[in-house]
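All chains, full assembly: derive it from the sequences and hints.
Plus 78 on top of the position in the sequence shown (first one is 1) and you've got this note's numbering.
To be clear, the hints were calculated from the coordinates, so they are not data collected in a lab.
Yeah, the Cβ is synthetic: ideal placement off N, Cα and C, and Gly gets one too.
Heads up, a few of these hints could be off.
Stated by the list, open to error - With a cut-off of at most 20 angstroms between alpha-carbon atoms, the simulated DMTMM-like pairs for lysine to aspartate or glutamate come out as follows:
{"#": "1", "residue 1": "136", "residue 2": "195"}
{"#": "2", "residue 1": "178", "residue 2": "103"}
{"#": "3", "residue 1": "136", "residue 2": "174"}
{"#": "4", "residue 1": "187", "residue 2": "201"}
Stated by the list, open to error - Now the in silico label distances, taken between C-beta atoms and shown as ranges:
{"#": "5", "residue 1": "143", "residue 2": "89", "range": "31 to 41 angstroms"}
{"#": "6", "residue 1": "163", "residue 2": "208", "range": "35 to 45 angstroms"}
{"#": "7", "residue 1": "90", "residue 2": "156", "range": "18 to 28 angstroms"}
{"#": "8", "residue 1": "120", "residue 2": "86", "range": "44 to 54 angstroms"}
{"#": "9", "residue 1": "192", "residue 2": "86", "range": "36 to 46 angstroms"}
{"#": "10", "residue 1": "192", "residue 2": "143", "range": "18 to 28 angstroms"}
{"#": "11", "residue 1": "90", "residue 2": "116", "range": "34 to 44 angstroms"}
{"#": "12", "residue 1": "190", "residue 2": "86", "range": "37 to 47 angstroms"}
{"#": "13", "residue 1": "177", "residue 2": "209", "range": "19 to 29 angstroms"}
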Amino acid sequence: MADAFNAPGVVRPFGIFSSAAWQPEGHVLHVSGHVSQSVDGTIVGRGDMRAQTRQTLKNIRDVLSSAGGTMDDIVKVTVFVTDVTEIEQIHEVRAEFFTKPYPASTLVKVVQLIDPDWLIEIEAIAVIPNHRVRQPAASE
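In structure tokens, the structure reads:
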């Protein structure tokens, strides 16, 4: 599990994240941006930020699992959203997936994602401890 901290003299985070997170050992895994799509490519939760956030985080969890990781191994997320007024809904769902110490996080408002029905995209950086890392099976 990564460790995190909130530095003195810096404003404390207001949501489900920390000022900084680190992992002293392990393999770094860069997880590409994921959106709210099921395995067959169907958009899950069209028009629903909570549902899209949940599916997006499930997808990231599945990527981590295939490499021997868990959501606790995430040290940084970057979240791209089309509507920042829905931040509370995003944080409610994040609380289902993340436990303290929370990863560092950046929120970026965008005009639109590649598909106009996508409301959120999340990319992550995880550090998986050496004793749990496994090489995922290649897929076509």
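Structure-based check of each hint:
1. 136 / 195: Measuring from Cα to Cα gives roughly 18 angstroms; hence the hint holds.
2. 178 / 103: holds, 19 angstroms
3. 136 / 174: holds, 10 angstroms
4. 187 / 201: holds, 14 angstroms
5. 143 / 89: 31 to 41 angstroms: Since the Cβ atoms of residue 143 and residue 89 sit about 34 angstroms apart, the hinted range of 31 to 41 angstroms holds.
6. 163 / 208: 35 to 45 angstroms: At roughly 42 angstroms between Cβ atoms, residue 208 and residue 163 fall inside 35 to 45 angstroms, so the hint holds.
7. 90 / 156: 18 to 28 angstroms: Hint holds: Cβ distance 20 angstroms, inside 18 to 28 angstroms.
8. 120 / 86: 44 to 54 angstroms: holds, 47 angstroms
9. 192 / 86: 36 to 46 angstroms: With a Cβ separation near 40 angstroms, residue 192 and residue 86 satisfy 36 to 46 angstroms, so the hint holds.
10. 192 / 143: 18 to 28 angstroms: The hint (18 to 28 angstroms, Cβ to Cβ) holds, given that residue 192 and residue 143 are roughly 25 angstroms apart.
11. 90 / 116: 34 to 44 angstroms: Between residue 90 and residue 116, where Cβ atoms are some 37 angstroms apart, the hint holds.
12. 190 / 86: 37 to 47 angstroms: holds, 39 angstroms
13. 177 / 209: 19 to 29 angstroms: holds, 20 angstroms
Checked against the numbered hints given earlier, this structure breaks none of them.
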